[in-house]
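Student: Chains as they are written, first to last, in the numbering used here: chain A, 240 to 482; chain B, 240 to 482.
No wet-lab data here; the hints were simulated from the structure.
The hints are all genuine.
What follows is a list of derived Cβ distance ranges for each label pair:
#1 A/His302 to B/Glu284: 52 to 62 Å
#2 A/Val393 to B/His302: 41 to 51 Å
#3 B/Tyr394 to A/Asp253: 37 to 47 Å
#4 A/Tyr325 to B/Asn277: 49 to 59 Å
#5 B/Asp289 to A/Lys283: 42 to 52 Å
#6 A/Pro440 to B/His316: 25 to 35 Å
#7 A/Arg295 to B/Lys333: 54 to 64 Å
#8 B/His302 to A/Ser278: 48 to 58 Å
#9 B/Gly415 to A/Lys255: 40 to 50 Å
#10 B/Gly415 to A/Glu363: 21 to 31 Å
#11 B/His302 to A/Asp253: 30 to 40 Å
#12 A/Lys283 to B/Ala243: 47 to 57 Å
#13 A/Asn436 to B/Ala243: 35 to 45 Å
#14 B/Phe257 to A/Asp334: 54 to 64 Å
We put the CB at the ideal spot given by N, CA and C, even for glycine.
Protein chains: 2
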Amino acid sequence: MLTAHTIKVLQSLDKKKFRQKYNLFLVEGNKIICELFNSKVKIKEIFSTDPQKLDRPDLHVTHISENELKKISMLQHPKDSVAVCYIEPQEDWKDREIQLVLDGIQDPGNLGTIIRLADWFGIEQIICSEDTVDVYNPKVIMATMGSFTRVNVVYTDLTEYLSGTENINIGTDMEGENIYSFKKPEKLNLILGNEGNGMRPETEKLIHKNVMVPRFGKSQSTESLNVSMAAGIILGQLFSERK
Amino acid sequence: MLTAHTIKVLQSLDKKKFRQKYNLFLVEGNKIICELFNSKVKIKEIFSTDPQKLDRPDLHVTHISENELKKISMLQHPKDSVAVCYIEPQEDWKDREIQLVLDGIQDPGNLGTIIRLADWFGIEQIICSEDTVDVYNPKVIMATMGSFTRVNVVYTDLTEYLSGTENINIGTDMEGENIYSFKKPEKLNLILGNEGNGMRPETEKLIHKNVMVPRFGKSQSTESLNVSMAAGIILGQLFSERK
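In isolation and in its complexed conformation, chain A is listed as follows (with noise of 0.2 Å):
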């Protein structure tokens, strides 16, 4: 049985505000909670319409019902289980190597997506400014498809960082260097800029180099691609030195 304090927590979930007040976050769907359990994310308990599928005696599970799960879901069509796991304060972090930097993105489904690329070419780490969507929104989480366990998202002042780093400051824009003959510095941050924006002139700024995808295609339209296809289709060049 959920009661109506904790069915009004969990629904405050969805706002960052409320998960920051009560250092909370949701998990839905057994197939991304299994993932936890290999994974340095703390839960606090898990609530199931069929908790036996889980199997984990350890964890404190409450069987709920159909009706009861809808209650607490942010899906439109509920799974089997919601996780309630807690955020963990953001911990010291140093430069990797291969990095993605983010300056406003503010689509949760754009930075999951980002988020599961990088652990697809294994980016252990991406640095966001302090306005990017949060990771702990519940449509991220969801579109992570759980890669959100293998991956530090670390939020900062960017123009600081971006001031300080050793790495190379790799933007994107269509007068960059051809990623097909651009030479990969050992190491990199690759700046992924907001959806309709583009990246703010204090990071331009602080660029060392840009890249480009060459269009093949005739048309005119300035649309470009998504920004998480473009990172994906440079990326998959990057990593070709690798093959």
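Guided by the hints, dock chain B onto chain A, whose structure is given.
Tutor: Same frame as chain A, but now just chain B:
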């Protein structure tokens, strides 16, 4: 003024059944509607909260209120205008040198992203199994950002088509050839399967070669890249020879 009948007809265009009944589909937002002017898409009429912005005296533009727009828009946050366009019967088509072939793609956002990607790389034709999501679905149209005007999307019996084509049929499979060493054939079909189930067994039988994007991350998760992202990375690599 919009009549109740018109509102009902336009709202019904959310469903494939009614799009086929009326031979009509909707395009929303001036940005994409302006792309129609340079395409072969035939516009029946436009409803706009600000007709002057469109500045096309040759077109039948009806001035509507914000409230009326809300009624006919398929979007959560309606834009400025809605164009009602004619669905043309599928023309005779023949193979192009590089094509995408979709076997049961269900998510409108994925199809839209794939069309946009094709447009970027100058791929002029996408061949879909008959159960692939409808290109005229409003969510597909939105996700293409106008690219649907430049890419020919055809629906056909895939087994029959793949058996008869002279293009090399290339599938994706983690057991396939590494995309970084794969030698691109002159004429090819890149086949992308359903989001959850991949390609149908009947389709798999007609594959000539498989390619894969190597995973550099340590994750043991079975979750692969999203189908459109995988397509983007593969195309990025196939086109590297044209740099």
